[in-house]
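One letter stands for each residue in the lines below.
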Amino acid sequence: MRQFKLSSPILTILPALALIPVLGVVLAGMHNGGLFILFEFFSASIHPSLDPAVIHSAWRGLQITIATALLSWVISTFVGVLLGLISSSIFWQVFGFSTRIAIVLRRLLAIPRSIHELIWGLLLLQLLGLSPWVAIFSICIPYSCLVARVLTDQIDNLDHKALIAIRNSGVNHISTLITALLPPIIPVINSYGGYRLECALRGATLLGVFGMGGIGTELQLTLQSLEFKEMWTSLWMLGVVMISLEAGLSWWRKDSFLTKQSERQLLISMAIMLAAIVISFLWLQALDVNIFSNFQWHPIPLPTLVEIINAFSELPWINLITSTIVMTIFAAGIAIGIPPLGMMLWPTKLGTTLQSAVWSFLRLVPAPLSALLLLLCTSPSISVAALALGLQNLGVMGRLLKEGINQQNDNLYAAIHSSGSGKRLAWLYGHLSPQSKSYLAYAAYRTDVLLRETVVVGVVGGFGLGWQLQESLSSFNWAQVVLVATSFSILTLIGESISEDVRHHLLKSIKREQNPSLQN
Amino acid sequence: MTGLLDLKDIEVRENNGYRLKDIQLSINVGEKIALLGRSGAGKSTLIAVANGSLKPNSGKVSWRGIELKFLNNRQRNEIGTLWQDLRLVEELTVSQNINIGALAKKNFLWAFYNLLGTIKTKECLTCLQAVGLDNVFLTTPVQELSGGQRQRVAIARLLMQQAELLLADEPLSNLDPTLVDEVLKLFLNKRSIDPINIPKTCLISLHRPDLITNFTRVVGLKRGRIIFDCQVAELTPLEINSLYKDR
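Residue numbers (the working numbering), protein chains in the order written: chain A, 1 to 520; chain B, 1001 to 1247.
Okay, chain A solo, but in the shape it has when bound (with noise of 0.2 angstroms):
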């Protein structure tokens, strides 16, 4: 009897069967009008509002965005390398410690890390009012841990003999530090920094969309009054600066001359974090955002067990966690499965560049606004908020499948074609296939961001843990509050274990099939 087992490039397609069911959904549920709004969102993008006005305002939100998201990236980044460094067992090893310290602290910054920023944004802004540290602070606080947990791995994962040589011939702890580990870890700060700067950008037009100023304010609520010309307006606006940013800091990772010699590296480094902090106080200034105002603490009552008991038992537990798992589920198919079948599909030069151009296009738009623009075409339902969650991740999937083909060279696919395949099964055995199982390991990875994300679609779309959160603040229901983020962490710890191991498994294996040595 045939065995079946499936093999990694079908499995980077079949995910694409989730959009089947999510669309049956949608559509059924899509009222007269909804394709009419959807034809007037479209057509509005092709003649968006010119008018002084909206462009100013526009404009204005644009640069609290920006100038929001560098102060956080640069506060971020520096605070996650510092982590980073204490929570590395070498650090304690240096030190004459335990390196247990480093494993404790590793595991105390996984809480704050598996809350989303717009938990964050939402908590705090019950405990600081409206102030522009809100939003700093909440992408600050999940992204500063992310850094460090980057950082430790690559710490951990270092060559550390220079290292232990150093400090054995009496260089005192810190310039051993400095000397042994700076010039390694530099180019993992450059280029996964860069990296964080596009997060902190999206996460910044996030926390807008949620009323904390900036353009996702504005573009919230020019969707909300159905202007959808001004709303394009800050799209297009959006859209240069997303382009403009990821074409820089992909010449910055490539080709900039600026980065071959490490000194140039962190003196640059080093050089742009200190400008990024000025430029962002200034700006924020010069947009009359007081940044320098006193915090106004409101403090919240500390729930007692007897209400937590309480609210333990009044949540609908089954269904909240069931709700975020399968949104991830349809959503991670969504984001997984349709870029390797769109390329496969159509993958000459025109349908590979529209297809990029539909992906550009995805990563610009909040998946709240997403899950804002489908409601109003049709009734809310879980496959609405995983369809506008898995379309903007779709977006970041599709340019890292077509960085990856981009990266190898065709002699595999002109070998398939040129043998008398077509260009669908040439591509899906010459491109797809060695690309295959790290762009799986990747996913895996994604999957964990999306669940993660669930939370902000929750929010507009009336589903999952994320929903409920925001109930439970609206109420002031803090003992809720209190479980509804604990259980969430809890979830995402357990998501983020599992993508791990599968992570951890693919890439093996990826290695056994470069260097068959090891398989022994």
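Treat the hints as calculated values from the structure; they're not laboratory data. From the three backbone atoms N, C-alpha and C, an ideal C-beta is built for every residue, glycine too. Worth double-checking, as some hints may not be accurate.
Listed next, the in silico PhoX-like pairs over lysine-lysine satisfying Cα-Cα at most 20 angstroms (straight line) [claimed, not checked]:
1) B:Lys1106 - B:Lys1120
2) A:Lys161 - B:Lys1055
3) B:Lys1069 - A:Lys161
4) A:Lys423 - A:Lys402
5) B:Lys1222 - B:Lys1245
6) B:Lys1106 - B:Lys1122
Not everything, but these chain A residues come out facing chain B in the computed CB check (under 10 angstroms) [what the hints assert, rightly or not]:
7) Ala162
8) Ile166
9) Arg167
10) Gly170
11) His173
12) Leu177
13) Leu182
14) Pro183
15) Pro184
16) Pro187
17) Leu266
These stretches of chain B come out as covered by chain A in the derived footprint (C-beta under 8 angstroms, 3 or more residues) [said to hold, decoys possible]:
18) 1049-1057
19) 1083-1092
20) 1100-1109
21) 1113-1127
Please build the complex by placing chain B on the supplied structure of chain A, with the hints as guidance.
Structure of chain B alone, referenced to chain A:
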């Protein structure tokens, strides 16, 4: 009487056996000691124990009468090691790696400053020339160098440290024959390189027994045990041969 470096009753265990057993070794000021033995005899382990990077399962190592674990940074800096795997910082240039040798005598700001460019001190240039490398290499990242050139950078870094005792693990293995002579002369103080103070005392592991005539004392290691420790003049060819035989 205590020597400069004393190893007493050293044992390093591995699985069910020993990497070092019953090691008694005292190194006195001015001695030039050659450490001989087959691959796997325990030479690298002995050097790692002597410089404190490997803690023995039992026994004591002391520097000028003070146990290694109690040494402060200044005292640690008096012991210089040339590692078999060199242990250079791959991302840094030749000059930055050489300057690491002087790091213990500087503060952390200098360590940071060293990463920002090329510090060409007289000492750094002297060390570079002493190992036969041209000044043009100063700004070259060490990962772009050949095996022999990297070994020279590691030696230059060690010279820059200006230690009191030199511990070297197979320092001549990647060098061409003409340079072997030059480096040996440096290590054995037969050549001076002003203003650098070259250690007057050394323990060097060798894979070539023909070079021991340059030393004052020879220690033979076999299966983790010292089987002879004598002046070069007292050593017989039979004893040397016994090191390389199976039994």
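Self-check item: Unsatisfied constraints (hint numbers, rising)
Solution: Result: no hint breaks.
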